[in-house]
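Trainee: When you get a sec, could you build the whole thing from the sequences and use the hints?
Protein chains in written order, with numbering that gives the first Met the number 0: chain R, 0 to 118; chain P, 0 to 199.
It is worth saying that the hints were derived from the structure and are not from the lab.
Even for Gly, the Cβ is constructed at its ideal location relative to N, Cα and C.
Honestly, I wouldn't trust all of these hints.
Partial list, computed: chain R residues near chain P (C-beta under 8 Å) [what the hints assert, rightly or not]:
1) ASP28
2) LEU49
3) LEU51
4) ASP74
5) MET76
6) LEU114
7) VAL115
One letter stands for each residue in the lines below.
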Amino acid sequence: MTALETVGQYLKEARVLLQDVTPPYRYEDVELVDCLNIGLLEARRLRADLFLPLNKGIFIDTNGTLDRAAKVPIDEMYRPALVYYIVGRAQLRDDEATTDQRSAAFMTKFTSQLLVINS
Amino acid sequence: MSCDQAERLLQTLRTQIPGVTDDMLNLQLFNVIDEFFRRTNAWQHYDDIPLQENIQQYVIPVPSGAVIVRAMGASHNGMPITFQMSPPDLVWLFHQPDLPMIEHPVVMGVSLSVAKDCMAKSCDCWEIPEWCWNSFFQAWLDGVLARFYSMPAKPWSNSAQAVYHHKRFRNLMGGHKQEAEKGFVHSLPGWNFPRVGGWM
Chain R
0 MTALETVGQY
10 LKEARVLLQD
20 VTPPYRYEDV
30 ELVDCLNIGL
40 LEARRLRADL
50 FLPLNKGIFI
60 DTNGTLDRAA
70 KVPIDEMYRP
80 ALVYYIVGRA
90 QLRDDEATTD
100 QRSAAFMTKF
110 TSQLLVINS
Chain P
0 MSCDQAERLL
10 QTLRTQIPGV
20 TDDMLNLQLF
30 NVIDEFFRRT
40 NAWQHYDDIP
50 LQENIQQYVI
60 PVPSGAVIVR
70 AMGASHNGMP
80 ITFQMSPPDL
90 VWLFHQPDLP
100 MIEHPVVMGV
110 SLSVAKDCMA
120 KSCDCWEIPE
130 WCWNSFFQAW
140 LDGVLARFYS
150 MPAKPWSNSA
160 QAVYHHKRFR
170 NLMGGHKQEA
180 EKGFVHSLPG
190 WNFPRVGGWM
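Mentor: Structure, rendered in structure tokens:
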């Protein structure tokens with residue numbers, strides 16, 4: 000199976016970095032998928048070329064039952080960057096278990112992976 | 000198109016433009032090839048158009064996967080004829096064909112470029128003749144690199160490299176345009192005795 004292809008794989012990897020792998024979770028699945036969708040928006044702003052052709056939808060539907068098998072429409076080279084965004088975005092929430100510096104580091108990592116080769 | 004030939008070009012580009020996606024590569028390669036053919040007239044096609052009495056308007060046959068850029072000339076029974084083209088593929092003869100004239104077809108020469116349908120279909124084969132991939136490999140490589148390096152805010156942005164490869168692309172395109180005008184023959188004499196037109 001390809002790494003980081005489906006929503007479920009993104010959630011699993013993000014939970015490892017968030018240290019939130021045991022239920023009950025601190026971060027609900029839907030909350031993390033919202034972060035994923037916002038990450039796709041950010042990636043679309045920074046690197047429109049990753050979403051060619053540009054007339055197709057890029058969001059993961061969070062209405063109703065979450066489809067964990069849904070594929071995330073981004074090139075495999077940039078999948079780790081999206082995980083960093085999910086983790087950074089989730090940790091922006093005021094939470095005693097996280098720090099702003101860690102969140103900022105993940106967000107910066109996301110941006111630099113999209114825009115810089117040696118990142 | 001020979002996909003093997005295209006793959007050689009794509010493999011070269013992937014290693015020189017780290018972080019680029021295949022969709023983006025295909026789009027820019029298509030744009031470069033389209034610009035190249037439209038400026039150089041290097042892809043030419045000649046076809047017979049059978050004439051009908053008193054009919055002045057004809058449709059030019061176009062190979063699959065190609066579009067006509069411009070007409071290169073037309074002749075009838077070995078003699079140049081006057082005509083006008085109405086894009087994309089209609090030709091208007093200035094003289095109405097009469098009975099003796101329709102015994103011979105008009106030989107129509109056009110320059111071609113790649114059809115945009117191929118991009119819409121995301122097909123791998125643009126039906127470009129294989130010799131083009133060999134002959135124009137370097138020009139297309141430089142053209143694509145110039146476009147990528149000149150993009151703003153991308154991992155591969157590099158203005159110095161963009162200028163370098165753009166110059167090479169322009170120079171190579173100019174050379175290929177001259178070659179195409181001379182029928183890809185080296186050192187053609189510049190002038191012939193004017194049986195018809197004079198200058199070659």
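Trainee: Each hint needs a verdict: does it hold in this structure or not?
Mentor: Verification of the supplied hints:
1. Interface restraint check: R/ASP28 against chain P, minimum CB-CB distance 28 Å, threshold 8 Å, status violated.
2. This hint holds: R/LEU49 has a C-beta 6 Å from the nearest C-beta of chain P, less than the 8 Å allowed.
3. A distance limit of 8 Å between C-beta atoms decides the matter here; for R/LEU51 the minimum to chain P is near 4 Å, and the interface restraint holds.
4. Proximity of R/ASP74 to chain P holds as hinted, the smallest CB-CB distance being about 5 Å (cut-off 8 Å).
5. At about 6 Å, the closest approach between the beta carbon of R/MET76 and any beta carbon in chain P falls short of 8 Å, and the interface hint on this residue holds.
6. Because the closest C-beta pair between R/LEU114 and chain P is about 6 Å apart, less than 8 Å, the hint holds.
7. Hint on R/VAL115 holds. Least Cβ distance to chain P is approximately 6 Å, under the 8 Å limit.
Consistency note: the structure conflicts with earlier hint 1 alone.
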